[in-house]
Amino acid sequence: MSIRRNRPTELLQGTLDLLILKALAHGSLHGLAIAHRIEQITNGTFEVKPGSLFPALHGMEEARWLVASWGESQNRRKAKFYRLTKTGLRQLEKETSDWRRVSSAIAAALRTA
Amino acid sequence: MPSFVSRTLALCRNLFRRTAVEQELSAELAQAFEFLVETKIRDGTSRSEARRLAVIELGGVEQLKEEIREVRAGYNLEALFRDARFGLRMLLKTPGFTVVAVATLGLSIGANTAIFSLVNGVLLRPLPFPDAERIIYIEGKNPAAGISESNVSYLDFTDWSQQTDLFASTAAYWTGEAHLGADGGEPERVPRAGVTTGFFSVLGVQPALGRTFVPEDDKGWPQTVAIISHGLWKRRFGSDPAIVGKQVQMSSMPLTIIGVTPPGFEYPEQTQIWVPSAVNLSLEPRDNRVWSAIARLNPGVDLKQAQTRLSAINARLDKQFHETNKGWDVVLSTLQERLVREVKPSLLALLGAVGFVLLIACANVANLLLARSAARQKEIAIRAAMGASRTRVLRQMLTESILLSAIGGVAGLLLGIWLTDVLMSMLPEGAPRLEQVGIDYRVLTFALGVSALTGILFGIVPALQASKLNVTSALKEGGRSGEGHRRTSARSLLLIGEVALSLMLLAGAGLLIKSFLRLQEVRPGFNAHNVLTAHLSLQGPNYKPQQYVEFFRQLIERLEAEPGVQAVGGSVNLPLNPTGYAIGRGFIPEGRPLTVEESKEAMFSTVTGDYFRALQIPLLSGRFFEPRDNADGPKVVIINETTAKRVFGSPAAAIGKRLSVWAAFRGQKRDEQFMREIVGVVGDTKTDSLTGQGDMQIYVPHAQDSQWNFMGLVIRTAGDPAAFARTLRREVQALDKDQPIYNVHTYDDVVMNSLGTRRVSMQLFTVFACAALLLAAVGIYGVMAYSVTQRTQEIGIRMALGAQKSDVLRLVIGQGMTLALIGVIAGLAGAFALTRVIANLLFDVGASDPLTFIAISLLLIFVSLIACYLPARRAARLNPTVALTEN
Numbered sequence: 001m002s003i004r005r006n007r008p009t010e011l012l013q014g015t016l017d018l019l020i021l022k023a024l025a026h027g028s029l030h031g032l033a034i035a036h037r038i039e040q041i042t043n044g045t046f047e048v049k050p051g052s053l054f055p056a057l058h059g060m061e062e063a064r065w066l067v068a069s070w071g072e073s074q075n076r077r078k079a080k081f082y083r084l085t086k087t088g089l090r091q092l093e094k095e096t097s098d099w100r101r102v103s104s105a106i107a108a109a110l111r112t113a
Numbered sequence: 001m002p003s004f005v006s007r008t009l010a011l012c013r014n015l016f017r018r019t020a021v022e023q024e025l026s027a028e029l030a031q032a033f034e035f036l037v038e039t040k041i042r043d044g045t046s047r048s049e050a051r052r053l054a055v056i057e058l059g060g061v062e063q064l065k066e067e068i069r070e071v072r073a074g075y076n077l078e079a080l081f082r083d084a085r086f087g088l089r090m091l092l093k094t095p096g097f098t099v100v101a102v103a104t105l106g107l108s109i110g111a112n113t114a115i116f117s118l119v120n121g122v123l124l125r126p127l128p129f130p131d132a133e134r135i136i137y138i139e140g141k142n143p144a145a146g147i148s149e150s151n152v153s154y155l156d157f158t159d160w161s162q163q164t165d166l167f168a169s170t171a172a173y174w175t176g177e178a179h180l181g182a183d184g185g186e187p188e189r190v191p192r193a194g195v196t197t198g199f200f201s202v203l204g205v206q207p208a209l210g211r212t213f214v215p216e217d218d219k220g221w222p223q224t225v226a227i228i229s230h231g232l233w234k235r236r237f238g239s240d241p242a243i244v245g246k247q248v249q250m251s252s253m254p255l256t257i258i259g260v261t262p263p264g265f266e267y268p269e270q271t272q273i274w275v276p277s278a279v280n281l282s283l284e285p286r287d288n289r290v291w292s293a294i295a296r297l298n299p300g301v302d303l304k305q306a307q308t309r310l311s312a313i314n315a316r317l318d319k320q321f322h323e324t325n326k327g328w329d330v331v332l333s334t335l336q337e338r339l340v341r342e343v344k345p346s347l348l349a350l351l352g353a354v355g356f357v358l359l360i361a362c363a364n365v366a367n368l369l370l371a372r373s374a375a376r377q378k379e380i381a382i383r384a385a386m387g388a389s390r391t392r393v394l395r396q397m398l399t400e401s402i403l404l405s406a407i408g409g410v411a412g413l414l415l416g417i418w419l420t421d422v423l424m425s426m427l428p429e430g431a432p433r434l435e436q437v438g439i440d441y442r443v444l445t446f447a448l449g450v451s452a453l454t455g456i457l458f459g460i461v462p463a464l465q466a467s468k469l470n471v472t473s474a475l476k477e478g479g480r481s482g483e484g485h486r487r488t489s490a491r492s493l494l495l496i497g498e499v500a501l502s503l504m505l506l507a508g509a510g511l512l513i514k515s516f517l518r519l520q521e522v523r524p525g526f527n528a529h530n531v532l533t534a535h536l537s538l539q540g541p542n543y544k545p546q547q548y549v550e551f552f553r554q555l556i557e558r559l560e561a562e563p564g565v566q567a568v569g570g571s572v573n574l575p576l577n578p579t580g581y582a583i584g585r586g587f588i589p590e591g592r593p594l595t596v597e598e599s600k601e602a603m604f605s606t607v608t609g610d611y612f613r614a615l616q617i618p619l620l621s622g623r624f625f626e627p628r629d630n631a632d633g634p635k636v637v638i639i640n641e642t643t644a645k646r647v648f649g650s651p652a653a654a655i656g657k658r659l660s661v662w663a664a665f666r667g668q669k670r671d672e673q674f675m676r677e678i679v680g681v682v683g684d685t686k687t688d689s690l691t692g693q694g695d696m697q698i699y700v701p702h703a704q705d706s707q708w709n710f711m712g713l714v715i716r717t718a719g720d721p722a723a724f725a726r727t728l729r730r731e732v733q734a735l736d737k738d739q740p741i742y743n744v745h746t747y748d749d750v751v752m753n754s755l756g757t758r759r760v761s762m763q764l765f766t767v768f769a770c771a772a773l774l775l776a777a778v779g780i781y782g783v784m785a786y787s788v789t790q791r792t793q794e795i796g797i798r799m800a801l802g803a804q805k806s807d808v809l810r811l812v813i814g815q816g817m818t819l820a821l822i823g824v825i826a827g828l829a830g831a832f833a834l835t836r837v838i839a840n841l842l843f844d845v846g847a848s849d850p851l852t853f854i855a856i857s858l859l860l861i862f863v864s865l866i867a868c869y870l871p872a873r874r875a876a877r878l879n880p881t882v883a884l885t886e887n
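These protein sequence lines map, in sequence, to chains A and B. Read in order, the letters of the first sequence correspond to residues 1 to 113 in our numbering. Read in order, the letters of the second sequence correspond to residues 1 to 887 in our numbering.
Bound-form chain B, shown alone (with noise of 0.2 Å):
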């Protein structure tokens, strides 16, 4: 029989049938014994003798009973659940000690759940593809033009997919939206992409029902089939089995549905709608850089040497398409890695932050422990006597430690499941794959070892220090003075661990707060209280050009006649970017040709109604737009303050000059062929985010630039802006029933969610600082309070002496506050070493801001000096009488 199998044997015997077991073995001694007495007395020995002489031939039973308890298998086991339950009897003889315990590291436990759940989801968990590590994503980049991510010219990426010994598949993409509820049913817009035929291969994606696109799919704009996603399907359609092959209405054109994607397939960006591209390749310019491409590598093709093979063949097009690809480089990425740059700074940062928060709180516990055990000398001291072993002795405290941490890391793991729904709800919109948040294995893993981790972490020092014992000292000591000199450096060097940690936290969290502020004292030239936004776009075939700016004006007519409301606009590009989407045109201005510097494209804004009063863009100089700037009349431009200084000269300079309007790219008809006059100069807005700075924005009249059907309406009111939603709507409707509105927020909001992540990593980093701070504070005055107890005696003597109060106090102040201050100037300089890592998440404040370092310094040592102060006043007002005859 292989050993194993008898060892598990003999394990389950001995565990299960101990009682059993046990009586065996007595029964075994005690025949022994009468044996070796009957054997003596045969030998002519007396009984009592012989009895007396068997005992010491055995030796002790018990003794012997132990020795053989040893050999057996599971003998281990046996003495962890003692230990274990002897463990729990002490936490709760000490309920307090074990509530504050548990509610630590529950707390930090928890804390650190929810943020490697986010980190899990975001970051660590593969997209839900097939061999999704293959999937790459491919971006441009233009270093000499000061580019360094941008979409793809979709003639450049025919080059790129000729590769076939590299790529799969590859395939290009452009999002847009896609009206629905022209054929009778609610009007919506949804997020439509269109994909070349490569995209479901790409991301080896198979229908639920129906098929995916073949190349006979495309067949030019507009298109005839379409794709929809499991939830639209469900959501709009019923769940109609028969769906494939039906016709529907999708911004006004008909498709046929030909599949249903599986549920949860919403790429890019929670599309609904997928359909041809309908690129045409013979008027696609090279340098219309609007495409997003993604791509499959074969297998055993890696991504660098796909880097190397499309670098090459860019250069390749730089010097064949020199007029249009000067200077363009690509740049290739793991489609996972290009989701979540935005965020992986922040979440890693978060991250490292309550990492830390864990590290002080490990470090409370452990002084607490450490405390605790100084008060159980005596019972550790009875064990050693009795024969416990260093290593037992060190068991049992471990034991103990573990235990805690277990608990804790059941409570924390409880609580991350809930923090995790609240961090959820606290993040913006469209943050990346956080449908892939959730509790699984991983975080399961986490939150298990990260508890164990503690459990031996804060458990090690004090088990350490407790199995030191000198046995004899710690019993003559009677357990009251019989501090060593190692357990209070080791408590010190804790509370200095504490202090810096918290420090470090503290300045991540001041930089973060500070660069907050800043971004809200950013002005973004337009004042966004009481604003009201939505979007509108006009679908359906009767509307034409001409009917887009009518309705417009009808409409803000109307909204305008509305009680409370003082102006009304729209425009085809907001400020701060609410549709994440913005549109750029280049300017000649008359008589000369741009210089370099000015020739960047300018952000360009259709405008009607009183848009500049609606978001209070100052006039610099001339006049905003006015009725008469209509279609027959002059036409006219107006221009920022930074287009006026950079092409002009200034404001005043610019006006009744001259310039002419061009689109985006070369070789299609969009270029205006006739002048504009500047009739007025305004105030600079933020136009991607409140970041950004310097962009050239120049603006023209609806009326004399009428092909956008849609606009991002502004309206200010005297009240809450929020309550006119519902007016909006019934007004829209009321000229149109079908029409949609999407977008609805107020503009505070839009500038809210235009910072972004960076709003909750602060907030968050706050949280976990406080709460750094806190628990340092707590065990700064643990610690404090501890050593006043222990030094009674001592005060009490001094003061016999003629110490006074005032001694006594500076005393223990001195005493705290050293060990403060070294923590803190250790912390300083952990922290100059570490605030560079969030050094990206910093906006206008330097990593190592000195006035943040200060204040933080000094709000740390505010907090020693508070927690040091109460224990020290108490030291101060003891009775030397009591405190020399006490104990």
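With the rest of the complex left out, here is chain A (with noise of 0.2 Å):
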């Protein structure tokens, strides 16, 4: 009955997913500076807009792959800081492995003429 939200792809949806489980795999982070740490490590190809990343935040916290707790940012503000869990660790695991799955898979297909 409810009304669902445009979602991205299947696929878009579950990269960004992984890749904020990347991003925090080393640590804990606020919102932004997730968006920051993605763009980052994916050498500026993605560039995480606030609209997508905070829905997704929030749906992977109740999901509990995240847990929020609250701290001083660097320029001692109040921020939201995300980290992951022992839930979040296994799905990083898990959906490294199926990306690589699937990515080995389309080169392959790809490489064939």
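One or more of the hints may lead you astray.
[Unchecked claim] Here are the computed distance ranges between Cβ atoms for each label pair:
1. B:Ala375 x A:Ser103: 55 to 61 Å
2. B:Ala375 x A:Lys78: 37 to 43 Å
3. A:Thr15 x B:Ser489: 47 to 53 Å
4. B:Glu49 x A:Ser103: 54 to 60 Å
5. B:Leu124 x A:Thr15: 56 to 62 Å
Hint data in this document are derived by calculation from the structure and do not stem from the laboratory. Virtual Cβ for every residue (Gly too), placed ideally from N, Cα, C.
Combine both chains into one complex, guided by the hints.
Written out as structure tokens, the structure is:
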């Protein structure tokens, strides 16, 4: 009955989740810092807009992949920091291997003439 | 952590700590905004430019928040609460609409709940016995002799009982009455059953005190032991814990009480005392089909298997005992089905009828909602413009209608509980299984389900209509003449449906009323007005047959001496059978054997006093009994008209002829070994029910057939017969203070009760049909009135262009009546198909009786006409100037 917001395609949605998990693999970050980190680690390929970022973060928090806590940012402001849970870590491993399988399969497919 | 747990935790947090969650969200986004600004300032942008860019990058904060909320657990639930809150506000804003809708729904849900609780108690609830579905009832039938249901023979029953692979246990029983009070207590009569040893194990009943019967208990007649009901134990024996082993006098026999049944157990027919059946196998004739038989099937055996096997046994018995068993077969049914067989068709018909009322109510409320949603077009259009999707609007509308039906449902349930009590008090005495009627989880589920279903049923069409709205045109048209064709046609269809449904219901009610009137026109052969009836059964060691005769002679003499008494008599068989059992005897006319046609049993009555005058049964020929027809006088008999015509040709021809009476079963010394002279021929009376006909009846004077210790008295009074009951009791007690009178009724009540559930079904059906008619009339009126409002401008233009009042009247009435007529035709088609269902409830009226159908159609057309005329008149009175400038 509810009206679902228009999600990006399944693949892209999954990609965003994977990138967020990856960005948090080495420690906690606050919302836009996560977007920054993603931009860095993808060499600027992905620019994550707040409009996609925050709903994704909240969804993952409710799924308990992430937990959030309020802390102080570098500029000494209060900010909401996200970090991975054990479930999140497992999810990261699973999605990483899924992605590897899919991408190598697609790469193989593209190599054929 | 399993994901559903985390979702549940999140749900709780979202729902119960909503403010905290929202604040956190705002804080997080505010921080993000600041972060963006500061990043941009660090990159060298000016503060104001940085803020502008940050706003653009973050997007609308409120939209972003909403998007985040949507991923949260409980979003749907929250939306539901919001919708419900809003819906409630909307309902409160239009109290008129809400009251009408809730009342319509409440009444029809209430009526449905009441009827359903009846159906539930009587038909659905299992009998209160363990594994009750395995208890079966065994009946006889003899299609060749035209007998479709009959009690069974004890000897046949013993043959069936030997099939131990089919039956875990079997039992046969008879019912009668027992007289209490010879030992000093208040005299009273209670229902008694004589049962074989297996009785309690068939039913699976354990005694509350003492034990049940063992084979050694049955030592023949008279019985020495008894089991009493919990109710009797409480009422008459003060719940004496040491009752087992005590002796009581029952019908002047000393009986030792060996057990007390558990509370509520009174099978069969409110039995209070159970005694051994005292069957004497060596004397029991095989054609004595007076026994009731029950059995408990073994696990894994179904009814069909048992039926096949017993039928096979009966075929064998037919060969072996051809004289007594020719053509006799056996019919098995579950005990539950047997108990409710007579009332099931009426109950189901009523459930159907009340369901129709609910459908009509739904159509009415749907119409109201349609009219209202037309008025709410603007609001809906604004919602749509603000981004509410079609499903969102649909959900809002449905939430409102379900809210309505929920309120209606609660009102209906309360009303239903009350109506159930009213219904119960309307039902005739002795209707089966009424003690099982009550509000249980099934009734609650039903009421709930019906409410939810109605909410969706009447809500879905208006909701779909509303959600299909074209935003721009709705806003532009200002919600005035913006009603689309689709909405109009939806309303027309609802109206047609409503009229059709009410016609079907009215047709059913019409047929039942007509049957009932026909039944009341049936001449019972006697005059029931101003007659009091009561039964008296002489008990005690002081009474021997000759005292029976003397007692009743004296009593009648005393009663006749009372002021206001016109005639008093008594009979062992009263017409219309107020006791529920009848005595049949055969007879043989002098000088020739009976033909097959004649050989059916006659209804046999031993009468005393001025019986025929008390009931005003007409004398067709000869004379009534006189004092000289006593034990010493020549033996006489009076026959009824049917017997006279069938056996002797005519009433006059029968006078002076002779016949001998024989008992129902041969081989017993109950046959009269002498001839009786026919001294009179009287008119026929209805013996069993008003629907029966053509029974032969023979009457003999009590003085010449003195074996009967009981009489059904009939007392014709000048005034109110009910007022005479006290005098009757006093006179009986003056003769013997230990003799109770029972079955005290006015004869009008006996006639009424003989109609049984028929009368109640007719009344209820009529009430439902009237409700349907009223609802349909209101529905038509509502639709037409609304249509007139919608067409005010158009009508104004027509009038401005020269249309007369009569033209406008014709326009509006024509529109409404076209729909009503289509509904009538559809309804007639439906009625032809559906009234067949109630065919077996009808008497002397065809299921598609043309007169009824025509009358009902005319009635509905007339009511529709009125419902159309009122709005039409309003339209015709419109002032064109006002109409055109309005709005």
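Those earlier numbered hints the structure runs against, lowest number first: 2, 4
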